[in-house]
Amino acid sequence: MRYFLQRIAFYLFTAWAAITLNFFIPRLVPGDPVQSLIAKYRGQLSSEAIQSLYVLFGLDKQESLWQQYLDYWKQIFQGDLGLSFTFFPAPVSQVISQALPWTVLLVGITTIISFLLGTGLGVLAGWRRGSWADGLLPVTTFFSSVPYFWLGIIAIYLLAGPGSFFPSSGGFDSGLVPAWDQYFIPSAIQHSLLPALTILISSVSGWILSMRNMMVTVASEDYITVAHAKGLSERRVAVSYAARNALLPNVSGFALSLGFIVGGTLLVEIVFSYPGLGFTLLQALGAKDYPLMQGIFLVITISVLVANLLADVAYLLLDPRTRKEG
Amino acid sequence: MSEPVLEIRNLDVDYGLGDRAVHAVRDVSLTLHRGEVLGLAGESGSGKSTLAYGLTRLLPPPGVITGGQVIYHPEKDSPYDVLALSDRKLREFRWAETAIVFQGAMNSLNPVHKISTQLTDVLRAHDPAMSEHSRNARAREMLKLVGISPDRMDAYPHQLSGGMRQRVMIGMALILQPQVVIMDEPTTALDVVMQRQILGQLIELRERLGFSVIFITHDLSLLVEFSNRIAIMYGGRIVEEAPASTIYRNALHPYSEGLLGSFPALRGPKRELAGIPGSPPDLAGMPSGCSFHPRCPKAFDPCPTTVPVLGPPADANAAGRTVACWLHPALENR
Ligand SMILES: Nc1ncnc2c1ncn2[C@@H]1O[C@H](COP(=O)(O)OP(=O)(O)OP(=O)(O)O)[C@@H](O)[C@H]1O
Ligand SMILES: [Mg+2]
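From first to last, the protein sequence lines stand for chains Y and H.
Residues 278 to 603 (the numbering used here) make up the first sequence, in order.
Residues 800 to 1133 (the numbering used here) make up the second sequence, in order.
Derived by calculation from the structure, the hints in this document are not laboratory data.
Glycine residues also receive a C-beta, built at the ideal position from the N, C-alpha and C atoms.
One or more hints might be untrue.
Said to hold, decoys possible - A partial selection of chain H residues facing chain Y, derived with a Cβ cut-off under 7 Å:
| id | residue |
| --- | --- |
| 1 | Arg-890 |
| 2 | Arg-893 |
| 3 | Pro-977 |
| 4 | Gln-978 |
What the hints assert, rightly or not - Ranges of calculated distance between the beta carbons of each label pair, as one might list FRET restraints:
| id | chain 1 | residue 1 | chain 2 | residue 2 | range |
| --- | --- | --- | --- | --- | --- |
| 5 | H | Pro-1086 | Y | Arg-513 | 38 to 48 Å |
| 6 | H | Asn-1049 | Y | Thr-494 | 43 to 53 Å |
| 7 | Y | Arg-513 | H | Val-863 | 17 to 27 Å |
| 8 | Y | Phe-290 | H | Lys-943 | 46 to 56 Å |
| 9 | H | Gln-958 | Y | Trp-293 | 48 to 58 Å |
Please put together the full structure from these sequences, using the hints given.
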């Protein structure tokens, strides 16, 4: 328990440091967001409008840095991340909350499927070496060594396009309005299939490989021989002794990979023009949209930290050796 | 002598296949009688563990049994060959008839399961009809038997000391009341006091429960003290077998003499402490003839050319003993 509290304290500290950095970096880089907004609207803004922009962005006040820092924290706790320039005048929190579900659903579900599938196949391949599951390895390894960018583009080139079942871009048919209805949901699923498939293909081999290798390592442990010697069924030895122990590193790897769902999908979303957080980040970068960038980085940071915490909890639950008494 | 419970007949075990195979156990015949403790000694690499794994069919790859029989005599039924059992029959045979405490028993317990789980899953596997309550009761009983408080049922292996883990393994080995318990250096990781304490307990249990023990170690002094008969192994073969006291007083094979000379006498007159010169043979390039001859101080003409047969020596008092040495040729050798 003490260990656990230490971890939480560590994560809180990291979160604080990340958020503070997030506060300082845009204030240190040169460039004035209002100026870039003015440039964007090419002089269509009156001077009053410009003045009100400065007020909106909080750039008018001649406050001390310390006061700004305190205000910044207050805003964060209120969920107020400022206004986006790119999607002006939408608040950053709204832009993020529109993009986030796309990413979380697409990559989240795919990550879970990839983990379950890869781990299952890895158990088979490691336990019955030389079986068909083992033959799968070179194929999946090949696909995972192809840069994701290429895999996506080739998938689009070969499978998507006019007349094909797979759409090549977007998250849903352009004629539809996002809603939980019988038109929108099938369209969204249809659009997500190809990106999901490519993510799956490129990520599953990692799970297979690590699980297989752990199974092979664990299979030579003394307690496995003992389990056989005890006359337990093959299944019980494979599942409850070998796989149960081999699973430990994979589960914490899985928890960590949940943290990269939000941050690690830039490529997928760019290749497929998928309306998720990665794609939004790309737009924010292009437009020097600092509030939006800050907001997205904040979400990424927090999700990585939460994932780390999850990994710790998973290990604590699965491995009694990490549970210190007291 | 009482009736046999386990007869190993001409067992051969190789590691690997074809030309590159290493013959780790060669033509070993050994009989364990009901209720006795049979000691198996030999230097590291002589094939003791391989023999133990082989006769329970637990050889890790690339180990393969290339010949021989292991005849098991159940208490009531007629004897059968363990090596010929089907997978299902073999599972039923394991632990219920022959249990093993492995070398390095420190790692024999799965770190992620409680002691209770590991004690009861063997009961469940062999007797699915047993209720959970009686399984737990039996597990507690076993812990008490080996001197561990039943409160420790819910402990994880890392919460126990090395000696306690060792006892848990011994308790686990006895939980189905097997006829044969094989102990492969069960106590080498423990200090001497703990070793003797655990072995003493084991012998006491054996007298109470009536199982037979094959006790493997390279520490002959332990065997002299705790076993009825001793078999000495060298380069995959048994080179001498005799009652413990006979070997201790009058070993015939120069290798047994060497082994005895490498530890201080327990009682009686002081002996000169001498190791065996040279090193154990390389199994891949086994010497011709008697494989001990390059290291043997008494080697003579026939030793490098012809393998001596294991048999009762013609020249000494041959009561219940066998040896494979040209100094004491068996009747069959002549
Ligand atoms: N998996 C394996 N592959 C190849 N050779 C092996 C393997 N396991 C053991 N051997 C060889 O078989 C021989 C006998 O090994 P074994 O473990 O039976 O010796 P041992 O008498 O039990 O030794 P120790 O006292 O050190 O436990 C050794 O020479 C060893 O090199
Ligand atoms: Mg050994």
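Verification of the hints:
Look at H/Arg-890: its Cβ gets to within about 4 Å of chain Y, closer than 7 Å, so that hint holds up. Against a cut-off of 7 Å between C-beta atoms, the interface hint on H/Arg-893 holds, since the closest Cβ of chain Y lies about 4 Å away. The restraint placing H/Pro-977 at the interface with chain Y is violated, with a minimum CB-CB distance near 11 Å, outside the 7 Å limit. The interface hint given for H/Gln-978 is violated, since its Cβ lies 14 Å from the closest Cβ of chain Y, which is over the 7 Å cut-off.
Taking the beta carbon of each, H/Pro-1086 and Y/Arg-513 are about 45 Å apart, inside 38 to 48 Å as hinted. For H/Asn-1049 paired with Y/Thr-494, a C-beta distance near 48 Å keeps the hint of 43 to 53 Å intact. At about 25 Å, the CB distance of Y/Arg-513 to H/Val-863 agrees with the hint of 17 to 27 Å. Restraint check, Y/Phe-290 to H/Lys-943: a C-beta distance of roughly 49 Å satisfies the suggested window 46 to 56 Å.
At roughly 37 Å, the beta carbons of H/Gln-958 and Y/Trp-293 sit outside the given window of 48 to 58 Å.
The structure fails hints 3, 4, 9 (numbered hints given earlier, in ascending order).
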